[in-house]
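J.: Top to bottom, those sequences are chains A and B. Residue numbers for the first sequence follow the numbering used here, beginning at 1 and rising by one. Residue numbers for the second sequence follow the numbering used here, beginning at 449 and rising by one.
If you are wondering where the hints come from, they were derived from the structure by calculation, not from laboratory data. Don't take every hint at face value.
What the hints assert, rightly or not - Only pairs whose alpha carbons sit at most 25 angstroms apart, straight line, appear in this in silico SDA-like list of lysine to any residue:
hint : chain 1 : residue 1 : chain 2 : residue 2
1    : A       : Lys242    : B       : Ala751
2    : B       : Lys768    : A       : Ser339
3    : A       : Lys421    : B       : Ala685
4    : A       : Lys131    : B       : Leu563
5    : B       : Lys633    : A       : Gln253
6    : A       : Lys421    : B       : Pro534
7    : A       : Lys421    : B       : Leu754
8    : A       : Lys242    : B       : Leu615
9    : A       : Lys421    : B       : Leu563
10   : A       : Lys242    : A       : Ile322
11   : B       : Lys633    : B       : Ile533
12   : B       : Lys767    : A       : Leu227
13   : B       : Lys768    : A       : Lys421
14   : A       : Lys324    : A       : Leu227
15   : A       : Lys421    : B       : Leu526
16   : A       : Lys242    : B       : Leu750
17   : A       : Lys421    : A       : Gly190
18   : A       : Lys421    : B       : Val557
19   : A       : Lys324    : A       : Leu300
20   : A       : Lys242    : B       : Leu754
21   : A       : Lys324    : A       : Leu310
22   : A       : Lys421    : B       : Thr560
23   : A       : Lys242    : B       : Gln761
24   : B       : Lys647    : A       : Leu434
25   : B       : Lys768    : A       : Gly190
26   : A       : Lys242    : B       : Phe758
27   : A       : Lys131    : B       : Thr561
28   : A       : Lys131    : B       : Thr560
29   : B       : Lys768    : A       : Leu251
30   : B       : Lys768    : A       : Gln253
31   : A       : Lys242    : B       : Ile746
32   : B       : Lys767    : A       : Ile322
33   : A       : Lys242    : B       : Thr560
34   : A       : Lys421    : B       : Val530
35   : A       : Lys324    : A       : Ile301
36   : A       : Lys131    : B       : Val566
37   : B       : Lys767    : A       : Lys421
38   : B       : Lys768    : A       : Arg246
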Amino acid sequence: MVGRLALVFASVLSVCFALVVSIGMPAASASAAAPASVDTVHLSATPAPSPEPTSDFTSTFTVSGIIKSGDEGVESVDVAVSGNGFDETVSTNAQGRWTVNVPEPGTYTVALDESTLPDGVALRDGTEASKEITLAQTNSVSVLFPTGEDTRQTTGFGEQLLIRIVAGLNFGLLLALAAIGITLIFGTTGLNNFAQGEMVTFGAIMSWVFGVLLGLNIVVATIVAVLLGAVFGYLNDAVIWKPLRRRGVRLVQAMVVSIGLSIVLRYVYLFNIGGQTKTMNVGLSTPVIIGPLRLTVATLISMGLSVVVLLAVGYFLTRTRIGKATRAVSDNASLAAASGINVDRIIRIVWILAGALSALAGVMFALYRQVSWDMGFQILLMMFAAVTLGGLGTAFGALIGSIVVGLFVELSTLVLPPDLKYASALVVLILVLLVRPQGILGRRERIG
Amino acid sequence: MDWGNILGNAAGELISPTTAAYALAAIGLNIHFGYTGLLNFGQAAFMLIGAYAFAISVLTFGAPLWVAVLAAFAASILFAFVLGIPTLRLRADYLAIVTIASAEIMRFVVTTTSLTNVTGAANGLSNFSGGFYDINPLPEGRYGFGPFVYSADQWWVRLVGWGIVLLATLLVFLLMRSPWGRVVKAVREDEDAVRALGKNVYSYKMQALVLGGVFGSLAGVIFILPRAVQPANYGTALTFFIWTIMLLGGAATLFGPIIGAMIFWVVLSLTQGILYGLIDVGILSFISTSQAGQIRFILVGLALMLLVIFRPQGIFGNKKELSFSV
């Protein structure tokens, strides 16, 4: 028995490796050739000055920069350089360049006159119009004022709220796709699958491999990624979880195994695709403007598709024989088995479904925030928060929980710093457990 | 390949302060999981709190060493209460999710740029251990034998770190053969039976959580003495490594966490040395050194899986004492 399981383990790993290695090898070379950035906002910069000797063999000290909008230089923008009793204002030339010669090394204030920027061009969000620079080790310093399209017109609170709500719904719907997998697996097998995030990453990486590296149409790439995700889910069950269930491994033990699996998979991904974020440049980033909202085509498609798929899953669970059997197994596996339901088959179907849904969520995350090796793990806790909020083991609870988490994550940025938005959702999780530990749709018996 | 160097580095890991810190954190986790049966997946948070409480007291408030250590203690006790009050009544797997969530909340909080003045945000904190090295009684110079040759300061942090580990082990030994230890172990075996005997299960769980958390925060202090505080170090991976260490040595055993930490770090060091060596001599020319580092973590994950499936009691453990009861 022990020998057989070890063999099974060796085979699952080789499958993982083979799957990712076979496509990962060209990945390394191709990613280098891919364009470094698809950012439409161009960072204007002369290369940073290389360290020069401090002795002033030339007596000129210059402060300079380029102001660009997109790829075009912006003409006649006023820049003032002051400090050390020196004050000079210059305008940018036709290429957007400006240069000020200062008399001596020291600290200067460089200020950009925002009123001279042409309409539609503004400093990128979070950039100060005035900067302190120090000329000490070098004779020249370049100062950057990154610009972007003027996004500050949408500062009205109502509009901000609307934007955040839409973003939150989008995030929540994506989360729901992945979280339903977690909750179905928990319902039917009792396992808290910590490797679910890696199923999401799997879908994202596959869509990147087929859509970007192999250049397939994004629709085809998505279908391939979802199919492979289903296979991946099936393999998860067939190679690891089914043998473990046969072996009678306890649930908490299985949970720790899933943590180990999550570490293994994550580093296998990192090994193959490297640490850099991969851009999903598949041409779906055309902006769509609806009132105050600026969305991309990808966002609209992913929201629409999520709704359709979630409705389909709801139909499957409530109206089809297999779906009803799934809910029966979730409710009481022994009773379901006694009434003639093949529990192992249902669990297999649940894993396949979870794999496919997670992969689809992964593809959409890839379109929404690019591809990285630990993207799934980063949202794993959001998924757990969502299913726990909704009530572990209930599929519709997962949907509601996901949307609550999604909205909360995005709406919290109205009051909290954006880098705390995930923390706020986790705080809500803990607060809900205080008041209603079984979650929104859960039942009392599920807590101990 | 320079085997002398590879083996020397691996031997150095046996007594390194990092190994001591991981061992101490695993001793704390062992109180939580091994003896009391609490599924704490937030041990990294206790280390984070110890480290930041210590560093912030020194840097922001200019506190002397002993006050900084007391601050680390106090912060971890407070955190244990905040964590325990809502969660200790929940079922085991809920507790796991909540503790891992709290650990991530703490990491988000110390990383946020709005607290840069206090926590240093993503850059972390450094230059806070002067007070610790000032009281080093060892004379200047480098001494030792074989691969264990260190400066006076390096010996000082090792002596203190391992001294605390041994004291903690002694304390656990005494506690677990006391009536308190018997109640705590009974809570692990059957909560309802203990409750029926009139014991306050919730209170015992809370005491265990606080005690293990204090060890975790001390581990955090030892961990940062030879280095800077980096928020990225306190991710969920740290918790999982401590779990691996505890399960490797054996949960609910006295020396399991120490031996587990030693094996963990020696094996990590050996695999790194051997992989780098193989890349150097051109046998593994198709992988880079950073990929070699990643292979080590694949091995950690595999070790965790295989351990839990095939030998959940670890090296020294007794299968009967293992509390994978759910």
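J.: Against each hint, give a clear statement of whether it holds in the structure.
T.: Here's how the hints hold up against the structure:
1. Proposed proximity of A/Lys242 and B/Ala751 is supported: the alpha carbons are some 20 angstroms apart, at most 25 angstroms.
2. Between the alpha carbons of B/Lys768 and A/Ser339 the distance comes to roughly 36 angstroms, so the proposed pair goes past 25 angstroms and is violated.
3. Taking the CA atoms of A/Lys421 and B/Ala685, the gap is about 21 angstroms. The hint holds against a cut of 25 angstroms.
4. Distance check on the hinted pair: A/Lys131 and B/Leu563 sit about 22 angstroms apart at the alpha-carbon level, within 25 angstroms; holds.
5. Between B/Lys633 and A/Gln253, the direct Cα distance comes to roughly 19 angstroms. Compliance with the 25 angstroms bound is thereby established for this hinted pair.
6. Distance check on the hinted pair: A/Lys421 and B/Pro534 sit about 22 angstroms apart at the alpha-carbon level, within 25 angstroms; holds.
7. Between A/Lys421 and B/Leu754 the CA atoms are separated by roughly 36 angstroms; this puts the pair beyond 25 angstroms, and the hint is violated.
8. Proposed proximity of A/Lys242 and B/Leu615 is contradicted: the alpha carbons are some 44 angstroms apart, above 25 angstroms.
9. This hinted pair checks out: A/Lys421 and B/Leu563 have alpha carbons roughly 15 angstroms apart, not beyond 25 angstroms.
10. Straight-line distance between C-alpha atoms of A/Lys242 and A/Ile322 comes to about 19 angstroms, which keeps the hinted pair within the 25 angstroms bound.
11. Taken as a hint, the B/Lys633 and B/Ile533 pair is honoured in the structure, with Cα atoms around 20 angstroms apart against an allowance of 25 angstroms.
12. Restraint check for B/Lys767 and A/Leu227: the C-alpha separation of about 41 angstroms exceeds 25 angstroms, so the hint is violated.
13. Restraint check for B/Lys768 and A/Lys421: the C-alpha separation of about 43 angstroms exceeds 25 angstroms, so the hint is violated.
14. Restraint check: the Cα-Cα separation between A/Lys324 and A/Leu227 comes to about 24 angstroms, which is no more than 25 angstroms; the hinted pair holds.
15. Proximity of A/Lys421 to B/Leu526 is assessed by CA-CA distance (about 24 angstroms); at most 25 angstroms being required, the pair is judged to hold.
16. For the given pair, A/Lys242 sits about 18 angstroms from B/Leu750 by alpha-carbon distance, which is consistent with the 25 angstroms threshold.
17. With a C-alpha separation of about 30 angstroms, the suggested pair A/Lys421 and A/Gly190 falls outside the 25 angstroms cut-off, and the hint is violated.
18. A hinted pair counts as satisfied when its Cα atoms are at most 25 angstroms apart, and A/Lys421 with B/Val557 qualifies at roughly 10 angstroms.
19. At roughly 32 angstroms between alpha-carbon atoms, A/Lys324 and A/Leu300 are farther apart than 25 angstroms, so this suggested pair is violated.
20. With a CA separation close to 15 angstroms, the supplied pair A/Lys242 and B/Leu754 stays within the 25 angstroms bound.
21. Between the alpha carbons of A/Lys324 and A/Leu310 the distance comes to roughly 16 angstroms, so the proposed pair stays at or under 25 angstroms and holds.
22. The suggested pairing of A/Lys421 with B/Thr560 holds, with an alpha-carbon distance near 10 angstroms, which does not exceed 25 angstroms.
23. Distance restraint check for A/Lys242 and B/Gln761: the Cα-Cα separation of roughly 22 angstroms lies within the 25 angstroms cut-off, and the hinted pair is therefore satisfied.
24. For the suggested pair B/Lys647 and A/Leu434, the alpha carbons sit about 23 angstroms apart, so the restraint of at most 25 angstroms is met.
25. Our distance criterion of 25 angstroms between C-alpha atoms is met by B/Lys768 and A/Gly190, whose separation comes to about 23 angstroms.
26. The suggested pairing of A/Lys242 with B/Phe758 holds, with an alpha-carbon distance near 15 angstroms, which does not exceed 25 angstroms.
27. Proposed proximity of A/Lys131 and B/Thr561 is supported: the alpha carbons are some 19 angstroms apart, at most 25 angstroms.
28. Between A/Lys131 and B/Thr560, the direct Cα distance comes to roughly 23 angstroms. Compliance with the 25 angstroms bound is thereby established for this hinted pair.
29. The suggested pairing of B/Lys768 with A/Leu251 holds, with an alpha-carbon distance near 17 angstroms, which does not exceed 25 angstroms.
30. Straight-line distance between C-alpha atoms of B/Lys768 and A/Gln253 comes to about 15 angstroms, which keeps the hinted pair within the 25 angstroms bound.
31. Proposed proximity of A/Lys242 and B/Ile746 is supported: the alpha carbons are some 22 angstroms apart, at most 25 angstroms.
32. Proximity of B/Lys767 to A/Ile322 is assessed by CA-CA distance (about 39 angstroms); at most 25 angstroms being required, the pair is judged violated.
33. Restraint check for A/Lys242 and B/Thr560: the C-alpha separation of about 42 angstroms exceeds 25 angstroms, so the hint is violated.
34. A hinted pair counts as satisfied when its Cα atoms are at most 25 angstroms apart, and A/Lys421 with B/Val530 qualifies at roughly 21 angstroms.
35. For the hint linking A/Lys324 to A/Ile301, the alpha-carbon distance of about 30 angstroms lies beyond 25 angstroms, and the restraint is violated.
36. Note on A/Lys131 and B/Val566: the hinted pairing holds, with a Cα-Cα distance of about 24 angstroms set against a maximum of 25 angstroms.
37. Distance hint between B/Lys767 and A/Lys421 is unfulfilled; the C-alpha atoms sit about 43 angstroms from each other, more than 25 angstroms.
38. With a CA separation close to 21 angstroms, the supplied pair B/Lys768 and A/Arg246 stays within the 25 angstroms bound.
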